[in-house]
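**Q** Quick note, the sequences are listed as chains S and E, same order. Just so you know, the first sequence maps onto residues 1 to 473 in the UniProt record's numbering. Just so you know, the second sequence maps onto residues 1 to 473 in the UniProt record's numbering.
Worth flagging that the hints you see were computed from the coordinates, not collected in a lab. It is possible that part of the hints are untrue.
Note: identical chains are not told apart, hence a pair may lie in one copy or across any two.
Pairs of lysine-lysine residues, derived as DSS-like cross-links and limited to a Cα-Cα distance of at most 27 Å, are as follows [said to hold, decoys possible]:
| # | residue 1 | residue 2 |
| --- | --- | --- |
| 1 | Lys240 | Lys133 |
| 2 | Lys240 | Lys437 |
| 3 | Lys220 | Lys240 |
| 4 | Lys240 | Lys164 |
| 5 | Lys343 | Lys220 |
| 6 | Lys328 | Lys133 |
| 7 | Lys473 | Lys131 |
| 8 | Lys104 | Lys44 |
| 9 | Lys104 | Lys444 |
| 10 | Lys164 | Lys131 |
| 11 | Lys328 | Lys456 |
| 12 | Lys44 | Lys271 |
| 13 | Lys271 | Lys133 |
| 14 | Lys240 | Lys54 |
Below are the chains, spelled out letter by letter.
There are 2 protein chains.
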Amino acid sequence: MEATATSGLITTEIFEALQQIVGAQYILADQENLQHYGHDETEKLLYLPEVIVKPATTEEVAAIMRLCNLHLIPVTPRGAGTGLSGGALPHLGGVLLSTERLNKIIQIDERNLQVTTEPGVITEVLQDAVKAKGLFYPPDPSSKGSCFIGGNIAENSGGPKAVKYGVVKDYVLNLEVVLPTGDIIWTGANVLKNSTGYNLTQLMVGSEGTLGIVTKIVLKLIPLPKYDLLMLVPFVDLEKASEAVSAIFRAGFTPSALELIEIDALQIVAKMVDSHAVPVTPDIAAHLIIEVDGNNMDVLMSEMEQIAELMATYEGGEVFFADDAQQKAELWKLRRRAAEAVKSVGYTIEEDTVVPRAELPALIRGVKALGKQYNFHAVCYGHAGDGNLHVRIHKEGIPNSYGNEEMTHILRAMFDLVYSLGGTISGEHGIGLIQKKYMDIVFKEANLDIMRGIKKVFDPNNILNAGKIFDSK
Amino acid sequence: MEATATSGLITTEIFEALQQIVGAQYILADQENLQHYGHDETEKLLYLPEVIVKPATTEEVAAIMRLCNLHLIPVTPRGAGTGLSGGALPHLGGVLLSTERLNKIIQIDERNLQVTTEPGVITEVLQDAVKAKGLFYPPDPSSKGSCFIGGNIAENSGGPKAVKYGVVKDYVLNLEVVLPTGDIIWTGANVLKNSTGYNLTQLMVGSEGTLGIVTKIVLKLIPLPKYDLLMLVPFVDLEKASEAVSAIFRAGFTPSALELIEIDALQIVAKMVDSHAVPVTPDIAAHLIIEVDGNNMDVLMSEMEQIAELMATYEGGEVFFADDAQQKAELWKLRRRAAEAVKSVGYTIEEDTVVPRAELPALIRGVKALGKQYNFHAVCYGHAGDGNLHVRIHKEGIPNSYGNEEMTHILRAMFDLVYSLGGTISGEHGIGLIQKKYMDIVFKEANLDIMRGIKKVFDPNNILNAGKIFDSK
Numbered sequence: 001m002e003a004t005a006t007s008g009l010i011t012t013e014i015f016e017a018l019q020q021i022v023g024a025q026y027i028l029a030d031q032e033n034l035q036h037y038g039h040d041e042t043e044k045l046l047y048l049p050e051v052i053v054k055p056a057t058t059e060e061v062a063a064i065m066r067l068c069n070l071h072l073i074p075v076t077p078r079g080a081g082t083g084l085s086g087g088a089l090p091h092l093g094g095v096l097l098s099t100e101r102l103n104k105i106i107q108i109d110e111r112n113l114q115v116t117t118e119p120g121v122i123t124e125v126l127q128d129a130v131k132a133k134g135l136f137y138p139p140d141p142s143s144k145g146s147c148f149i150g151g152n153i154a155e156n157s158g159g160p161k162a163v164k165y166g167v168v169k170d171y172v173l174n175l176e177v178v179l180p181t182g183d184i185i186w187t188g189a190n191v192l193k194n195s196t197g198y199n200l201t202q203l204m205v206g207s208e209g210t211l212g213i214v215t216k217i218v219l220k221l222i223p224l225p226k227y228d229l230l231m232l233v234p235f236v237d238l239e240k241a242s243e244a245v246s247a248i249f250r251a252g253f254t255p256s257a258l259e260l261i262e263i264d265a266l267q268i269v270a271k272m273v274d275s276h277a278v279p280v281t282p283d284i285a286a287h288l289i290i291e292v293d294g295n296n297m298d299v300l301m302s303e304m305e306q307i308a309e310l311m312a313t314y315e316g317g318e319v320f321f322a323d324d325a326q327q328k329a330e331l332w333k334l335r336r337r338a339a340e341a342v343k344s345v346g347y348t349i350e351e352d353t354v355v356p357r358a359e360l361p362a363l364i365r366g367v368k369a370l371g372k373q374y375n376f377h378a379v380c381y382g383h384a385g386d387g388n389l390h391v392r393i394h395k396e397g398i399p400n401s402y403g404n405e406e407m408t409h410i411l412r413a414m415f416d417l418v419y420s421l422g423g424t425i426s427g428e429h430g431i432g433l434i435q436k437k438y439m440d441i442v443f444k445e446a447n448l449d450i451m452r453g454i455k456k457v458f459d460p461n462n463i464l465n466a467g468k469i470f471d472s473k
Numbered sequence: 001m002e003a004t005a006t007s008g009l010i011t012t013e014i015f016e017a018l019q020q021i022v023g024a025q026y027i028l029a030d031q032e033n034l035q036h037y038g039h040d041e042t043e044k045l046l047y048l049p050e051v052i053v054k055p056a057t058t059e060e061v062a063a064i065m066r067l068c069n070l071h072l073i074p075v076t077p078r079g080a081g082t083g084l085s086g087g088a089l090p091h092l093g094g095v096l097l098s099t100e101r102l103n104k105i106i107q108i109d110e111r112n113l114q115v116t117t118e119p120g121v122i123t124e125v126l127q128d129a130v131k132a133k134g135l136f137y138p139p140d141p142s143s144k145g146s147c148f149i150g151g152n153i154a155e156n157s158g159g160p161k162a163v164k165y166g167v168v169k170d171y172v173l174n175l176e177v178v179l180p181t182g183d184i185i186w187t188g189a190n191v192l193k194n195s196t197g198y199n200l201t202q203l204m205v206g207s208e209g210t211l212g213i214v215t216k217i218v219l220k221l222i223p224l225p226k227y228d229l230l231m232l233v234p235f236v237d238l239e240k241a242s243e244a245v246s247a248i249f250r251a252g253f254t255p256s257a258l259e260l261i262e263i264d265a266l267q268i269v270a271k272m273v274d275s276h277a278v279p280v281t282p283d284i285a286a287h288l289i290i291e292v293d294g295n296n297m298d299v300l301m302s303e304m305e306q307i308a309e310l311m312a313t314y315e316g317g318e319v320f321f322a323d324d325a326q327q328k329a330e331l332w333k334l335r336r337r338a339a340e341a342v343k344s345v346g347y348t349i350e351e352d353t354v355v356p357r358a359e360l361p362a363l364i365r366g367v368k369a370l371g372k373q374y375n376f377h378a379v380c381y382g383h384a385g386d387g388n389l390h391v392r393i394h395k396e397g398i399p400n401s402y403g404n405e406e407m408t409h410i411l412r413a414m415f416d417l418v419y420s421l422g423g424t425i426s427g428e429h430g431i432g433l434i435q436k437k438y439m440d441i442v443f444k445e446a447n448l449d450i451m452r453g454i455k456k457v458f459d460p461n462n463i464l465n466a467g468k469i470f471d472s473k
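Using the sequences and the hints, build the whole thing.
**A** The structure is reproduced here in structure tokens:
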């Protein structure tokens, strides 16, 4: 799907004013760049902006917002463009504001276990920088090698470590934000506890670039655990695998990762990355990837043994322990590249379902039943320990759910199921453009009216990432 | 029953309508009750409501709000009245809405490690109920034996365990809320990860009863750690004690509690509860209370020994280990009752300062200097591991800061100091009535305008706990 930038809002005067702000080389409007910045990782969608602007400072961002607010020009903020819900798609044309030049780690505060960073830093770069000081920033989306920390804030990202360490929102202490009007605020303070007025920090986290543009981020860090152990457990029965997930927590364990991957996904990704690390036998339905971490190796070994024994009672097969750093890396690569791999073979539609952990078997059963009913293929993988299951869908001739009536009907059935299990429609990808039409399943109109009201408080002219999360009234 | 009408808004018709909603025995207006519900634990302040209403269901709360919204009657929600910032003070008269009859624990979900509760349950009762199932709800304000979980949500309470386990906001998954208009919403879903629209759950937490009345609460639980160890370390130098706090984290330890208590406070509370558990010698300036918890006793013993050794390098004195449950309880009683004790001897004004952890020595030094400059006594205690220091102030002839010009001047100087250290004015008590005049120190007018705008979205007629956190414009 392609919408071209014919809104014609960027007059010569405005183009020149933008050039004045960021410098001529940091405003782009050539076809190649318009194409590049016109898509993210969401389905097969493409919307061209009119111009791409790359500010390097908070003040430049503020000047852009003041200009666009005055002239009512739509602005779409964008990090690395790895999003899966279309949050960074410039579907209204106008200005695409890229944060890629806001890419400095400003300070690692070892005294207070905090880091202050700009939003355009790659998540893994940030993690490695604090790791070098013996510190740990846990949230690790699958795309950590390419996504930006700013985008992680926008979507309240998770990743495998969330099951023990929480998601992005649990680490954000304070944010510098340029409001749609161009005003600059800090949302909180660089402290571990804060009961000082409404929590604007948490309101910004997960607001998908609709309330303001985050220009500085203060994150809490924790001491880096010394050791981790990783194992892979095969199951012949998918439901048994998902039942085993819940049993681990009920037995008192808190793994640092607890992932589920269906055999179809594992086969596809193993082929793509040419890996033979995992013996993939045809009788296996799914694997659990289980990691524990901590500072005492004996304790971890004992935990791992106990968990392995517990898995056997759920018909878990022969356990594969990752022996060294290389084997661990290989195993994680298989999990992390699953989305990319299955997308490349036609599973272009990804849903980010989340349910209470113990409802995972019912969710998987329901998804498979819907697949039979509506004639689509679904492969499941994800953060089973959090009840957060990614469902990748392939239905012949339908590459996008967005704008497709038949797939919309199917997905409404899926989200009805999710809601009936006590869950909701996004665990970590956000609503963005493509999920907004399902918000009525999980929220009353009163909720959506409150969200619209909040949007208006921040953005009276509805210029910043408008039409994401919900439609304005 | 004696009905008084200070602001005269509760006409006979409205009184009868309220009776219709909750039943005649659950609406009170006699002097004794008006006095009781006219104060909380904040300084020596008293404001009488016109009537006290005690609904028992969400629907009754909604009916009360619809009535009051129609007739523009101020409503002040109240939990157990243990607040320290005046959030529950009915300073505008009108209706005092007590949640004490919303006191059921609805469900402990052992499959998903969650509890659903009404707001009028005493925090410790809730903790004990989940503990009986081997589960753990960590946030434990000093008042846990009397405060309500609903009030904890309103203020985003903390307590000693916050240093390892986080504060209330880190455990709230979903809230049923009656809006000021009488509409009923759920803010989220009962899931561990959620990126579905603006985080209304986190917006409610810490909003001090100004945005809605929480009627049901879904909390995340974790497995209960099997063991804990507790020790008390004396210091002859207050600043050394606070420096030692930061050193513990930098050495890679995360204690489950790390409290500081100045010797004056310890002496006063030991006398009040007639305890001789701790040898209080005159050369000691302060103690650190250090707790570790986990599932492996050998690991904990080793941690405790290493921490004790580290304390010696900061001139820590002879360590007192709590040998058994009784000694632990005795030690915690001394800490938990410190506020009550020092208040009873004239330290009626309590400030809830919070700074980045490593700035604690500078904060204590600054507070003491201000005491000399402005001629007041201050005793300090609190959650040092979080940089959250309670400062109790005694100045002859000034029982309240609220409404006192001289004390307001002093406190502005103190909060200027806090802000200059990167901190803010409340870590866990909230802003309520008495701190709102200091909000300009830590926030721009743009922040406060956003908060006012959000308030208006939820409460267009400004009837619910109006005049708390900020004044309307």
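**Q** Is it within a copy, between copies, both, or neither that the alpha carbon of Lys328 lies no farther than 27 Å from that of Lys133?
**A** within (22 Å within a copy, 36 Å between copies)
**Q** Regarding Lys240 and Lys54, is the shortest C-alpha distance of 27 Å or less found within a copy, between copies, in both, or in neither?
**A** Answer is neither; intra-copy 50 Å and inter-copy 48 Å both fail.
**Q** When no copy is named, should Lys104 and Lys444 be tagged within, between, both, or neither for a Cα gap of at most 27 Å?
**A** between (41 Å within a copy, 25 Å between copies)
**Q** Under a CA distance limit of 27 Å, which applies to Lys240 and Lys437: within one copy, between copies, both, or neither?
**A** Answer is neither: 33 Å inside a copy and 58 Å across each miss the 27 Å cutoff.
**Q** First find the shortest C-alpha distance between Lys44 and Lys271 inside one copy, then the shortest across copies, and answer within, between, both or neither for a cut-off of 27 Å.
**A** within (23 Å within a copy, 72 Å between copies)
**Q** From the Cα coordinates, with 27 Å as the cut-off, is the pair Lys473 and Lys131 best called within, between, both, or neither?
**A** neither (46 Å within a copy, 47 Å between copies)
**Q** Can you tell me if Lys164 and Lys131 fall within 27 Å by alpha carbon in one copy, between copies, both or neither?
**A** both (18 Å within a copy, 20 Å between copies)
**Q** Since the copies are identical, ignore which copy is meant and state whether Lys240 and Lys164 lie within 27 Å (CA to CA) inside a copy, between copies, both or neither.
**A** within (22 Å within a copy, 34 Å between copies)
**Q** Pop the pair Lys271 and Lys133 into one bin, within, between, both or neither, using alpha-carbon distances up to 27 Å.
**A** Classified as neither: same-chain Cα gap 37 Å, cross-chain 46 Å, threshold 27 Å.
**Q** With identical chains treated as interchangeable, where does the CA-CA distance between Lys220 and Lys240 reach 27 Å or less: within a copy, between copies, both, or neither?
**A** between (37 Å within a copy, 24 Å between copies)
**Q** How do Lys343 and Lys220 come out at 27 Å by Cα distance, when the copy is not named: within, between, both, or neither?
**A** neither (34 Å within a copy, 34 Å between copies)
**Q** For Lys104 and Lys44, with the copy left unspecified, which applies at a CA distance of at most 27 Å: within, between, both, or neither?
**A** neither (31 Å within a copy, 50 Å between copies)
Checked against the numbered hints above, the structure violates hints 2, 5, 7, 8, 11, 13 and 14; every other hint is satisfied.
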